[in-house]
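A.B. asks: Given these sequences and hints, build the entire structure.
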Amino acid sequence: MAIVLQEEGLYDKARIYATDIDDDALESAQKGIFPLRNMKAYTQNYIRSGGTRDFADYYTAQHESVIFHSSLMKNIVFARHNLVTDQSFNEFNVILCRNVLIYFNRELQHRAHQLFYESLAKLGFLVLGDKESILFNPYTHCYEAMDDREKLYRKIK
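Start counting the sequence shown at 1; every next residue gets the next number (the UniProt record's numbering).
Since the hints were made in silico from the structure, they are not lab data. Hints may contain errors.
Claimed, not checked - Dumping the calculated DSS-like pairs for lysine-lysine here, alpha-carbon to alpha-carbon at most 27 angstroms:
1) Lys31 with Lys13
2) Lys13 with Lys151
3) Lys131 with Lys40
4) Lys131 with Lys155
5) Lys40 with Lys74
6) Lys131 with Lys151
7) Lys131 with Lys13
8) Lys157 with Lys131
9) Lys40 with Lys151
10) Lys31 with Lys74
11) Lys13 with Lys157
12) Lys151 with Lys122
13) Lys155 with Lys122
14) Lys74 with Lys157
15) Lys74 with Lys131
16) Lys13 with Lys155
C.D. replies: Structure representation (structure tokens):
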């Protein structure tokens, strides 16, 4: 997200909230450290998102890890947040929650969708993982599909 915003000239006008329930995952992300084995998939995602440069320009490989450039981290707030028990803490224009809901039962998925709805500004975007859906939850009618394949939805109500 930081890279796309930077390439579009919007990074300095944005604040990204990166949340997770796992403190270790947050710590690694805050340091900008990711496994080298993930770079092929990340590069494909970058290209698919319309990236305009060589993805490798944004990180340095070191042994079995990569470290993303610190300039990408300056507008990111890293925080622990539990989709199941925590409340909304801001109003957002975009929420990305990829490949989390697939691990939740229906009740927990509904709770997460309630949180997304309460946290998303009208006309804001919700992006889910490729195995996830907004179907069959109480907020389905509040969104319009912008791109079904990419699981991109806009809040309309």
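A.B. asks: Taken at face value, is the distance from the CA of Lys155 to the CA of Lys13 at most 27 angstroms?
C.D. replies: With a Cα-Cα distance of about 22 angstroms, the restraint between Lys13 and Lys155 holds, given a limit of 27 angstroms.
A.B. asks: Do the alpha carbons of Lys131 and Lys151 lie within 27 angstroms of each other, as the hint requires?
C.D. replies: holds, 9 angstroms
A.B. asks: Are the Cα atoms of Lys40 and Lys74 separated by 27 angstroms or less?
C.D. replies: holds, 25 angstroms
A.B. asks: Keeping to a limit of 27 angstroms between CA atoms, is the pair of Lys74 and Lys157 held or broken?
C.D. replies: Not satisfied, since the Cα-Cα distance of roughly 33 angstroms exceeds 27 angstroms.
A.B. asks: Under the criterion that the straight-line Cα-Cα distance not exceed 27 angstroms, is the pair Lys151, Lys122 satisfied?
C.D. replies: Measuring from Cα to Cα gives roughly 18 angstroms; hence the hint holds.
A.B. asks: Do the alpha carbons of Lys157 and Lys131 lie within 27 angstroms of each other, as the hint requires?
C.D. replies: holds, 24 angstroms
A.B. asks: Taken at face value, is the distance from the CA of Lys151 to the CA of Lys40 at most 27 angstroms?
C.D. replies: Holds: Lys40 and Lys151 sit about 21 angstroms apart, inside 27 angstroms.
A.B. asks: Could you grab the alpha-carbon distance between Lys31 and Lys13 and see if it respects the 27 angstroms cut-off?
C.D. replies: Holds - the C-alpha atoms of Lys13 and Lys31 are around 22 angstroms apart, at most 27 angstroms.
A.B. asks: Check whether the Cα positions of Lys13 and Lys157 lie no farther apart than 27 angstroms.
C.D. replies: holds, 26 angstroms
A.B. asks: Check the hint pairing Lys31 with Lys74 against an upper bound of 27 angstroms on the C-alpha distance.
C.D. replies: Holds - the C-alpha atoms of Lys74 and Lys31 are around 11 angstroms apart, at most 27 angstroms.
A.B. asks: Please work out if Lys131 and Lys40 have their alpha carbons no farther apart than 27 angstroms.
C.D. replies: holds, 20 angstroms
A.B. asks: Sort out whether Lys131 lies within 27 angstroms of Lys74, counting only the CA atoms.
C.D. replies: violated, 31 angstroms
When each numbered hint is compared with the structure, violations occur for hints 7, 14 and 15.
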